Every structure is written in structure tokens, then in C-alpha cells.
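Enquirer: Line by line, the protein sequences give chains A and B.
Adding 1416 to a residue's 1-based position in the first sequence gives its number in the working numbering.
Adding 393 to a residue's 1-based position in the second sequence gives its number in the working numbering.
Just so you know, these hints were derived from the structure itself, not from any lab.
A portion of the hints provided could be inaccurate.
Stated by the list, open to error - Quick list of simulated restraints, FRET-style, between CB atoms:
| hint | chain 1 | residue 1 | chain 2 | residue 2 | range |
| --- | --- | --- | --- | --- | --- |
| 1 | B | 569 | A | 1512 | 34 to 40 Å |
| 2 | A | 1513 | B | 545 | 22 to 28 Å |
| 3 | B | 450 | A | 1489 | 48 to 54 Å |
| 4 | A | 1513 | B | 578 | 22 to 28 Å |
| 5 | A | 1489 | B | 568 | 48 to 54 Å |
| 6 | B | 534 | A | 1484 | 37 to 43 Å |
| 7 | B | 529 | A | 1480 | 25 to 31 Å |
| 8 | B | 489 | A | 1518 | 27 to 33 Å |
| 9 | A | 1549 | B | 552 | 39 to 45 Å |
| 10 | B | 517 | A | 1493 | 49 to 55 Å |
| 11 | A | 1537 | B | 517 | 17 to 23 Å |
| 12 | B | 571 | A | 1493 | 27 to 33 Å |
| 13 | A | 1543 | B | 583 | 27 to 33 Å |
| 14 | B | 552 | A | 1544 | 25 to 31 Å |
Treat the numbers as computed from the prediction; the structure is a model and nothing was measured.
From the three backbone atoms N, C-alpha and C, an ideal C-beta is built for every residue, glycine too.
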Amino acid sequence: MAGNFIMPRLIAGALALFVLSASYAAAARDYMLGQIGIGQPWARASVTATGGAYVTIVNRGAAPDRLIGASTPRADKAELHEHVMQGSVMQMRPVTGIPLAPGSAVALSPGGYHIMLIGLKQPLKTGETFPLSLVFGRAGTIEIDVPVLTAGASGPAPESHSMPDMDGHSMGGKK
Amino acid sequence: MRFSRALAVAFITIAVALMVYAAVKYAGLLQRGIGVEQSGTALVGGPFALIDQNGQTVTDADFRGRIMLVYFGYAYCPDVCPTELAKMAAALDLLGPDAGKVAPIFITVDPERDTPAKLKDYVAQFHPQMVGLTGSVEQVTKTARAYRVYFAKSGDTGGANYLMDHTSFIYLMDQQGRYRKVFTPDAAPETIAAGIRQLL
């Protein structure tokens, strides 16, 4: 019985992944704001009024900068959050800013920094794109388009890696 | 001189004894479930009665004969819960046809917001077999306690957009409902699938 639906599920999954990564590649783009590069935006589909969004940010300048805020017309609030493991307990806590050292990249990613969307007017649906404004202490504000991936996605597929090369700098960022 | 040497020997003896005592005590703590990944029949889990995503009352007995993979979280959780549920789904996919012998179960620690209808939409996003369980605050609290799960509201606790702090572990229970293993957040789907295979 299980076998009967596993294969179609795998095929459907592979197909969905293909379609999604194709649509992600079409929807996602890189942005430059002064010396700040922003790439690989994505968010997870949600069924509730909260969601999580992620981007990779590269500071190509010589001066430090900070991501200090975010907002979107789709939600009442967008907060910068980080994860704290206290023993076995997972906690999310707002942070006042995410430091961007000169010549380095910070990847917001599941389990690390993320932009928490609070009070979504409509749940985020897989395949759609929504606008998100990012506010930097030095570089200013930019609006980017964020493609929505599946609820269980852990990031854009590697094929759709769109970040401009960092000239040998690590893209690891904070884990 | 001789006296002070005797004193030193006594001092060292006591220090060593204390260290041994601390080590034994620490090993005891590990046994009781503060370890990274461990197995055995520790006092984790037990009977529960909750409401599933279709509004039906279910108990632990309904899952007898199947391996239970249990995760506690909440549907408003934007980051860690989807990661862990996606890992459970990936582990099931790795099992192939044997996935049918496993019940992946998501138990909310936020029954106030996570209604059966909400859970139905939520679990369907991860795996067709996934079961979403909620219940009264008392039912959920009792179940979470049985699994040694900590949870508490945080952030905007007065409003509707509060967060939940919670233990983020995946519990592996055998076909008789007995606790066998816990997977910490660093466990890969392959590790979880291997843990399940040991019970097949």
C-alpha cells in the first residue's frame, strides 16, 4: 500500500522541485544597494499568520554596516530574529541588528538569523512572490522581491545559486 | 613536614573522590535524558489522549504496531519546526515502502492557536502521513510533561503574536509505544532513518 503512493510521490516531488527551482530562478534576483549586495531571497510557505524570510547579504564596502530592520505590506511587522539554544530549549529572540563586517557575507538561514513576519494578512503560498524592504544602518533602504518556497524548504536549490562571486570570501556567514 | 605531606595526601584523596562522585552524578544525568543521542527505556513518553487534525480523539494506543516519530512544536513557528518536520518527512522518504510502518506525529505546544483545522493545513505541507495533534491545554501539558518537553510563551505574551520557547527534539518510540531514542536538532534525515530501521 505504501509502495503504491511512494513512487508517485517521489516523482511528483521531483517534478515540483524542478518547477519550483525553475520558477525560483525566474523570480529571484540579486540586488545592490551602495556597497551591499543582497541575493538568494526566499521565504517558507505558511498556514498561519507568521512566516520566516531569508536572504544572503554581502558587504563589499570597506566600512561595517548593519541590517537594522525590515518591513513588508504583507504583514503587520517584520522582526530580525536569531536562535538561541538554551540547553535543549530552542528560543527565538529579536535582535536590534545583524552586523555586516566589511568584505564578508552573512547568510540568514533556518536555525540562524531570520526575518520573522508577524501578522501576515494572508498566509504565504508556495510559488508566489512578495515585496520586502530591508533597512541598513549605512546603506539605506531597498525593496526586494521574495519568492515563497515550500513549507519544508531549507533554501533555494543549489542550481539556482545566484549570488555574485565574493572573490574568494566565504559565503558561510553565521550558522 | 611529614604532617603536611599527610595532609596533602588526604586533600588529594578527597579531591579525587569528589571528581569520581561528580562523574558518576553526570553519567546519571545523561541516563535521565540530558544526553545528545541515547537509547534505552528511560521514562520518556507514555499514555496520551489528544485531538487529531480531523477533530477525532486519539490515544497512544491507536499507534500500537507502528513506530512513532514524535515532535513537539507549534504551527506559528516559522523557522525551527518546519526544519525538523521536513527532516522527519525526508527520513520517511528514505525508508521507501517501510515508511508506512511509521507514524510521524506533530504535537502542538500551542493548543490555544493550533486548532485541528489549522493543524490539518499545516501537517499536510510536510508529509501525507503526518498526524497533527492538539487538545486542551491540560491534555497537551500532560503529554509534553510525559515526554520531558519544556514549553513557555515568550515575546508578545499578552497579544496574539506570541512565540513559544520549546524543546526541539524528535522522539523515536517503538511499536509498543516505548521510548527508544531521541534525535537532537543536528541529526540528519539519514540518522533518523537509520534509527527507525533498527526497529523494523
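Enquirer: The structure should be examined with respect to each hint, and the outcome stated for every one.
Expert: So, going through the hints one by one against the coordinates:
Roughly 50 Å separates the CB atoms of residue 569 of chain B and residue 1512 of chain A, a value that falls outside the hinted 34 to 40 Å. The hinted range of 22 to 28 Å is satisfied by residue 1513 of chain A and residue 545 of chain B, whose Cβ atoms lie roughly 26 Å apart. Restraint check, residue 450 of chain B to residue 1489 of chain A: a C-beta distance of roughly 41 Å breaks the suggested window 48 to 54 Å. Distance hint check for residue 1513 of chain A and residue 578 of chain B: the Cβ-Cβ separation is about 25 Å, which falls inside the suggested range of 22 to 28 Å.
At about 50 Å, the CB distance of residue 1489 of chain A to residue 568 of chain B agrees with the hint of 48 to 54 Å. Look at residue 534 of chain B against residue 1484 of chain A: about 38 Å separates their beta carbons, and that is inside 37 to 43 Å. Remark: the range hint 25 to 31 Å for residue 529 of chain B to residue 1480 of chain A is contradicted by a beta-carbon distance near 50 Å. The hinted range of 27 to 33 Å is not satisfied by residue 489 of chain B and residue 1518 of chain A, whose Cβ atoms lie roughly 49 Å apart.
Against the hinted window of 39 to 45 Å, the Cβ-Cβ separation of residue 1549 of chain A and residue 552 of chain B comes to about 23 Å, which falls outside the hint. For the pair residue 517 of chain B and residue 1493 of chain A, the supplied restraint of 49 to 55 Å is violated, since their beta-carbon distance comes to about 27 Å. As the Cβ distance of residue 1537 of chain A to residue 517 of chain B is approximately 22 Å, the hint placing it in 17 to 23 Å holds. For the pair residue 571 of chain B and residue 1493 of chain A, the beta carbons lie near 44 Å from each other, so the given range of 27 to 33 Å is not met.
Checked against the hint of 27 to 33 Å, the C-beta distance between residue 1543 of chain A and residue 583 of chain B comes to roughly 29 Å, which is consistent with it. Restraint check, residue 552 of chain B to residue 1544 of chain A: a C-beta distance of roughly 27 Å satisfies the suggested window 25 to 31 Å.
Violated hints, in rising order: 1, 3, 7, 8, 9, 10 and 12; the structure is consistent with all others.
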